[in-house]
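Line order of the protein sequences matches chains Y and V.
With the first letter of the first sequence counted as 1, position 7 gets the number 6 in numbering that gives the first Met the number 0; the numbers rise by one all the way through.
With the first letter of the second sequence counted as 1, position 382 gets the number 381 in numbering that gives the first Met the number 0; the numbers rise by one all the way through.
To be clear, the hints were calculated from the coordinates, so they are not data collected in a lab.
Treat each hint with caution, since some may be false.
Where chains are identical, the list cannot tell them apart; a pair therefore holds if satisfied intra-copy or between any two copies.
As the list claims (entries may be wrong) - Dumping the calculated EDC-like pairs for lysine to aspartate or glutamate here, alpha-carbon to alpha-carbon at most 20 Å:
| no. | residue 1 | residue 2 |
| --- | --- | --- |
| 1 | K185 | E436 |
| 2 | K262 | D125 |
| 3 | K310 | D6 |
| 4 | K185 | D222 |
| 5 | K234 | D224 |
| 6 | K172 | E193 |
| 7 | K253 | D6 |
| 8 | K9 | E170 |
2 protein chains.
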Amino acid sequence: MAIQLQDIGKAVLETEYAVRGRIVARAQELERQGREIIYCNIGNPQALEQRPLTYLRQVLALCQYPDLIDRGADLFPPDVRETARRVLEGTRYGLGAYSDSTGVRFVREAVAAFIRERDGIEADADAIYLTDGASKGVQAALRILISGPHDGIMIPIPQYPLYSATITLYEGKQVGYYLDEGHAWKLSLSMLEESLQEARRYGVRVKAICVLNPGNPTGSVLDRDNIRMLIQFAKSHDLAILADEVYQENIYLKGDRFVSFAKVMVESGEAGVSLFSFHSCSKGYLGECGQRGGYMEVRNIPPDVVAQITKLQSVSLCANLTGQVATYCMVRPPRPGEPSYARFVEERDRILGELRARAALLAEGLNRVPGIQCNVVAGAMYAFPRIALPAGRSDEQYCLDLLEQTGICVVPGSGFGQIPGTAHFRTTILPPTRQIEAVVERLAAFHASYR
Amino acid sequence: MAIQLQDIGKAVLETEYAVRGRIVARAQELERQGREIIYCNIGNPQALEQRPLTYLRQVLALCQYPDLIDRGADLFPPDVRETARRVLEGTRYGLGAYSDSTGVRFVREAVAAFIRERDGIEADADAIYLTDGASKGVQAALRILISGPHDGIMIPIPQYPLYSATITLYEGKQVGYYLDEGHAWKLSLSMLEESLQEARRYGVRVKAICVLNPGNPTGSVLDRDNIRMLIQFAKSHDLAILADEVYQENIYLKGDRFVSFAKVMVESGEAGVSLFSFHSCSKGYLGECGQRGGYMEVRNIPPDVVAQITKLQSVSLCANLTGQVATYCMVRPPRPGEPSYARFVEERDRILGELRARAALLAEGLNRVPGIQCNVVAGAMYAFPRIALPAGRSDEQYCLDLLEQTGICVVPGSGFGQIPGTAHFRTTILPPTRQIEAVVERLAAFHASYR
Numbered sequence: 000m001a002i003q004l005q006d007i008g009k010a011v012l013e014t015e016y017a018v019r020g021r022i023v024a025r026a027q028e029l030e031r032q033g034r035e036i037i038y039c040n041i042g043n044p045q046a047l048e049q050r051p052l053t054y055l056r057q058v059l060a061l062c063q064y065p066d067l068i069d070r071g072a073d074l075f076p077p078d079v080r081e082t083a084r085r086v087l088e089g090t091r092y093g094l095g096a097y098s099d100s101t102g103v104r105f106v107r108e109a110v111a112a113f114i115r116e117r118d119g120i121e122a123d124a125d126a127i128y129l130t131d132g133a134s135k136g137v138q139a140a141l142r143i144l145i146s147g148p149h150d151g152i153m154i155p156i157p158q159y160p161l162y163s164a165t166i167t168l169y170e171g172k173q174v175g176y177y178l179d180e181g182h183a184w185k186l187s188l189s190m191l192e193e194s195l196q197e198a199r200r201y202g203v204r205v206k207a208i209c210v211l212n213p214g215n216p217t218g219s220v221l222d223r224d225n226i227r228m229l230i231q232f233a234k235s236h237d238l239a240i241l242a243d244e245v246y247q248e249n250i251y252l253k254g255d256r257f258v259s260f261a262k263v264m265v266e267s268g269e270a271g272v273s274l275f276s277f278h279s280c281s282k283g284y285l286g287e288c289g290q291r292g293g294y295m296e297v298r299n300i301p302p303d304v305v306a307q308i309t310k311l312q313s314v315s316l317c318a319n320l321t322g323q324v325a326t327y328c329m330v331r332p333p334r335p336g337e338p339s340y341a342r343f344v345e346e347r348d349r350i351l352g353e354l355r356a357r358a359a360l361l362a363e364g365l366n367r368v369p370g371i372q373c374n375v376v377a378g379a380m381y382a383f384p385r386i387a388l389p390a391g392r393s394d395e396q397y398c399l400d401l402l403e404q405t406g407i408c409v410v411p412g413s414g415f416g417q418i419p420g421t422a423h424f425r426t427t428i429l430p431p432t433r434q435i436e437a438v439v440e441r442l443a444a445f446h447a448s449y450r
Numbered sequence: 000m001a002i003q004l005q006d007i008g009k010a011v012l013e014t015e016y017a018v019r020g021r022i023v024a025r026a027q028e029l030e031r032q033g034r035e036i037i038y039c040n041i042g043n044p045q046a047l048e049q050r051p052l053t054y055l056r057q058v059l060a061l062c063q064y065p066d067l068i069d070r071g072a073d074l075f076p077p078d079v080r081e082t083a084r085r086v087l088e089g090t091r092y093g094l095g096a097y098s099d100s101t102g103v104r105f106v107r108e109a110v111a112a113f114i115r116e117r118d119g120i121e122a123d124a125d126a127i128y129l130t131d132g133a134s135k136g137v138q139a140a141l142r143i144l145i146s147g148p149h150d151g152i153m154i155p156i157p158q159y160p161l162y163s164a165t166i167t168l169y170e171g172k173q174v175g176y177y178l179d180e181g182h183a184w185k186l187s188l189s190m191l192e193e194s195l196q197e198a199r200r201y202g203v204r205v206k207a208i209c210v211l212n213p214g215n216p217t218g219s220v221l222d223r224d225n226i227r228m229l230i231q232f233a234k235s236h237d238l239a240i241l242a243d244e245v246y247q248e249n250i251y252l253k254g255d256r257f258v259s260f261a262k263v264m265v266e267s268g269e270a271g272v273s274l275f276s277f278h279s280c281s282k283g284y285l286g287e288c289g290q291r292g293g294y295m296e297v298r299n300i301p302p303d304v305v306a307q308i309t310k311l312q313s314v315s316l317c318a319n320l321t322g323q324v325a326t327y328c329m330v331r332p333p334r335p336g337e338p339s340y341a342r343f344v345e346e347r348d349r350i351l352g353e354l355r356a357r358a359a360l361l362a363e364g365l366n367r368v369p370g371i372q373c374n375v376v377a378g379a380m381y382a383f384p385r386i387a388l389p390a391g392r393s394d395e396q397y398c399l400d401l402l403e404q405t406g407i408c409v410v411p412g413s414g415f416g417q418i419p420g421t422a423h424f425r426t427t428i429l430p431p432t433r434q435i436e437a438v439v440e441r442l443a444a445f446h447a448s449y450r
C-alpha cells in the first residue's frame, strides 16, 4: 500500500516538538531564498561561532585514527596522546565496534568518578548508561515509567518540549506544574501540590516529576532548599524524579552554584525515591551537540528494573562511540600540571565568560523594550521573555512575523507551555556579542511596530 | 517512589532481544572470571580483529580536528584532505553542531547519488533520513506504521530480533512468515499468503512486510524474481515494504548480485507500494558498528506522512555527525585515479575475500558434524545451522552448555524464530580464520558429547 495520513497512530500525530517546528521550516525556506537568518531557536552553540575545545577534538582525532598517536607525535601534546591510548585500551576495540549496551565500562567508571568528585557521594559505574545525547536517556526513563494511558508525568510549565513530545508519543498524561514567573521562575510547593491533586482527581496515576536545573527555557537555578523540598514532595507522593542537569556548567550569577539532585538525596539519606539524572556533551562549555554524547545515572531502582532498562537499550545496540569518548573527555578534562591544562582552562573560561556576558546583555536589552519583560538569565542558554501582544494575536503569529520582518528565528512560548492569557518566546543567548546587540535592536523596533 | 517491576508496562516487559540476552550476560561473567570467550553472537567485525578502512578513519580524524588538514599535510593523502574540506563545508559547522533532523543535506545528496549510480534510477535527497545505524531507521518506520494493537507487521521466521522487539514495544502484532530452510531459506508465495490469511482471520490489520536481503540470520540472497514476487504480493494485499539491505556488500557466491527493492520497484513502474529501505555503516566491508551511521530511504509515501516521520526524528534532534560523515564515506568511496584508491581497494577486497572464505569454511565445517545441517552462507555475516537435540533439550540450554564447555558464544534459534520442533543457533562468520577452525572443532566435539 501507499501509506496515508489516516493510517498513522494518534500518539504520533499528536506529538509536537516546537523547537524544530513550522517556524524553523519557514526560516530555512527564507535562508534558501538568500535571507540572512539568525537562528535563536535552538541551543546549538557551534552553529553560532562557538569553537570546539581543542583537547576534546585532538583526543577524538587520535581515537579515530590511532596511527597518528605515533606518526603525528609532534602535532599533539603528550597528555592528549596518553589519553587517546588510555581510551583506546579502555574501549578494547576502538571506535568502530559496538560497546556494551550500557556503554564502554571504562567511560562509565570515569563518569562515576566524576560524580563522586563533584558531589562527594558514592557512585556506581553499573548505574550509568551512556546515551546518544541526554535526549535518549530521558526517553529511556519515560519509556520505563509510562506503563499505560493513566500514567502521568509531572512537567514544569514552561518546559523543554522533549518531555511533552515523549510523554505524548508514549501515550502517557502530561501533568503540568507552573513555575512562578513573578519569582524568577522558582518552584512553589503549593503549585506542585495543586497540579498533582488535580491530576489525581481526573484519575491520573502520577508516577514521576521532571525537573530541569538549570531551567530550560527559564534560565533559573535551583538551590539546595528547592531541591530538598522537591525530593520531599516526590517522597510524600510516591513519585520518581527525572533531573535534567545538562546545563550544570552554565551558571552565571555570583554566589549561585550547581547542586545535583543525587547529592541532596544522598546527603539527606533518602533511599526510597527513584532518581534518573541526565547530563550531556551538547551544552556546558563543550557545546558538542553533533557528537551526541551524554549519560543517565539511576539511583534507588531495583536490579530487576535496571535489567529492563538495559534490555531496552540493547535493542538499539549502543550509543555512538565517538559520543561516548566525548563524554569521557567531559568528565575527565585535563588536570593542573598536564600539558593541555592551560589551553583547556583558557578556552573553557572564554566560552563561559562570553555566555555569562551574553546572558546579561540579552536580558537587559530585552527589558529595555516597552512591552517585553524578562527574568534574569541565571543559568542554561535561553531567555524566555514575556511579551505584551495586541488582542487576538498569538505568540506563534508574533514569532512568524518577527522572522519574516527581521530574520530572527525564535520559538513561541506555546511550544513550552505558559499560563493561559500570557505570551512569551524563547531565544538562545548564543549569538556572538555583536549579533546579540543587533537582535535586541531589531526586536525592539519590531515590537514597537507590532503593538 | 522507588519504581518496582510491577510498575513497568507490559510492552516493555515482553520485549525480547536475544542477541544481547541471558547467554551474552553469562559470557561476560565468564570472561571476567578469566575464561577466553569467542563472541559469535553479534555482527561486530572490529571486535574480532577486522581493521577499519584507512580512508574512512583519516577523513573522520581530519573532520574532528580540522587544524590537521594543513598542519598534518604530510600525513594524509591529498584526496583525504580534499574530502575532509568538502565534508566540513557541506556540514557548514563541522561535527559539533546539530544538523537538520533528517541529516546533513550534503550527505543526503551523496546518498541519493549513490542510489542513482547503484540502481540506475532516480533518487531524492529529501527522501533520505540519516540515522544512528539502520536500527533507528527501522524503528522510525515501524513507529509510523503501527497505529494500534490490531496493526500487524509481517516478519520472516527466522528474523533479526530488532523487528520482533520493536513491534512488541510499539504494541503491534508480529505476523511471522516462514522461510523455506529446505530451499536455501527462500521466500515462498504460498507461505506468505498463508500467514497473511491466518493473521486476517484473527482480526489483525496487516500493514507491512519486512524483508532482509541478504538475510539475517539465514545468509540467503534474493534474486530479481523473488523481489518482484514480493512487491506484487505487497501490492495485492495493500502492504508497505521494509527492505533491510544492510548486508548489500556481503554477497559471496559467484553469479549472485545484490538487487535493491527500490530498483525493481521503479523498473516495474510500481508507484503504489510504500517502501522503506535501510543501509548501514556497520556491515559490508566497513564494519563500523560503533560509529552508528546509516540511512533510510522512503518511496511512494505522501508528503504529509513524510512530514510526520521528520517530526518524530526532530524530537531526538539528529543522528550523530560522525556517523553521518561515515555514511558519506560509505556512499562516496575513493574513485579510480584518486591517491587513496589503490589502498582502499586493497583493504576492501581483503576484508570481503576473508569473509567469503570464512563463510564457506564455517558452513562446510558445520556440515561435517553429524547432527548439524547448515545451508550455504550466500550473504550477510551469519550461519543458522539446524541442530539435532536429545529429547527434552532446548536450543537455549544447548547454547548455554556450549558456552560453559567451549567458551563459544552463539545465540539460540528461538531468539530468531523457527518452525516448532526444530532447533538452530546463529553464529557469525566473523572470527579470524584460525579461530573459525577452532570453533568448528570445539563445536564438533561438544555436539558429539551432547547427543
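Hint check, failures only: Numbers 1 and 7, in rising order.
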